[in-house]
Amino acid sequence: VNLSASTGAQITVTSTGQHFSAQNNDISITATSNGMSPAPFTLTAKTPWKLLAVSNPNNDTNCNPSPQSYFTQLQYNLIDNLNITMTTDITWNEVVAPAVCENGSNWCHFGLVTGPGRTNPVIDNLSPPTLNQNPSPMLTCTGSHLGTIRYRSASQTISVGTATAGSGVVVQTDYLGYYGDHGQHDSKQSPVQPPQ
Amino acid sequence: MKRILILIAIAGSLWCSQARAVGIPGFKVNELVNSADLIVIADVTAIRKVGIAPPIQFGNNLLPASEYSADLSVRRTLKGQVLGEISVSYALPETFVGYSGLRDGVRMVFLRRDNGQYHLADPYYSNFPATLEPPLGEMPSEVSEVVLSNMLEVLASPTTSTSEKREILRVDYALPSNEKTVAALRKWLTASSDRGLTEKIRGELVRFGDLSQLPDVVNLLSKDLATQNGRVWFLYVIRECVKDPRAIPALNPLLGSTDEVVREAAVEALWHINSPTAVPLLLKKLEDPDEMVQFYAVRGLADIANEYGWGGPSEAEFHEHASKYLAHWEEWAKERSQ
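These protein sequences, in sequence, are chains A and B.
In terms of the numbering used here, the first sequence is residues 7 to 202.
In terms of the numbering used here, the second sequence is residues 218 to 555.
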């Protein structure tokens, strides 16, 4: 924090605390001059905490021309340590473990590539193997997300604050679920508490 | 040399087969308008793959790509030079990574001119559905507002398809919260007979501040008449998007719900409304058996009273010291009533 002395000289106030706020305005700076102290100047130290899904119906599934198939767009708001939606645009990244084939599919034999995005909102796009590689079972895209059999999954950890995979603040863990006609985030877990 | 080409082909084909889970940036109308030299509403026809394009760099990967071209018959120019026919070329990765090419039909297209040729101005958001019907009202002067107006016209139009309207709703977070948006969504709602879609539009209307929809939404939630998706959507818009003090009477029935998730959403809305009118309801909810309902009630009272030392608290802080906060705000209420 930069303040100015009565002479106009710059004064730098350095924080010694190592915690994020537990209350609004719980950090205060009091400038004392000649024994007089006016009302403190207060601050709140915020940090990303968790993702809030922008509902199921907004999880939009659409069809691309062959050989591509469906893509499902999953939207989230980023919530801070005081339960407020963060409106600042922040980069996010993901770490995805090796995929697992499920229910007799061969989909996990096709690699899984990921990439970072920006928050406000967080948008994650899921798309399955392409049709010309003969995934088994074959995909269908109807634009709906009615399929209940999962053919491939991989654990995903979403962090924010940097595009570097695995760095930043973890805000959600889940399983990328690839179904016959759509993708979704399964078994979502948010951190129980924000960074302290 | 032949071996190298075979290896490249194998690597390319493996890449083509990969599934994706990629983040994409949100749609920002001003950024898109600024990056485009030419914005037109046009009939897009003859989209064709014309060959192999140089690989596209995506993160740390070089993606095999194809070159496409399309013909545009311009019907309206929103920004840039007025032209009749345009040929557009663009490259797309073989696999979907969030980039989108042109689609057939009447589209609003954002183009940039490089080396004497028009290309898509943005890999993610290069075109949206459009309508050739006359504008709903007076056309704004700012290009970004004209773009948004055209998007709203797609929602309101009786001639655009549900999938075209849904394409606009995919970027609903970028639409303005104003009467024009509400008017467009109401027109769509009038024409909708599908239950799931009607719930979606009703929720969007609440999200954009149309309080006239709130009693119906509250009724569907109170009587458990919404579909499963509709219920999740309604709870989301109530807890995140209702900010108008005039909504308080309509929310009242939800505060007495036997379902704590419904009560939580309603009290969270009261917190976001941040109005002294909500104080009696918030005080009552300090006695709710659900801790999250109590938490949101405390947050609501803290924001309204704005007392130094009692702002917030965070969920963890409240969980640890709940009795302290509840006692404080009950005392505050007593003092206030004297």
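The set of hints was computed from the structure by calculation and includes no laboratory data.
A quick note: this is a predicted structure, and the numbers were derived from the prediction, not measured.
Be a bit skeptical, because a hint or two may be false.
Computed footprint of chain B on chain A, listed as stretches where at least three residues anywhere in the stretch have a Cβ under 8 Å from a Cβ of chain B [as the list claims (entries may be wrong)]:
no.	stretch
1	12–21
2	28–42
Pairwise CB distance ranges (calculated) [said to hold, decoys possible]:
no.	chain 1	residue 1	chain 2	residue 2	range
3	B	Leu349	A	Ser34	54 to 62 Å
4	B	Ala544	A	Val198	46 to 54 Å
5	B	Val299	A	Ser34	55 to 63 Å
Using N, Cα and C, we set each Cβ at its ideal position, and we do this for glycine too.
Comparing the hints with the structure gives:
no. : hint                            : in the structure
1   : 12–21                           : violated (count 0)
2   : 28–42                           : holds (count 5)
3   : B/Leu349 / A/Ser34: 54 to 62 Å  : 60 Å, holds
4   : B/Ala544 / A/Val198: 46 to 54 Å : 25 Å, violated
5   : B/Val299 / A/Ser34: 55 to 63 Å  : 59 Å, holds
Comparing the model with each numbered hint stated earlier shows that hints 1 and 4 do not hold.
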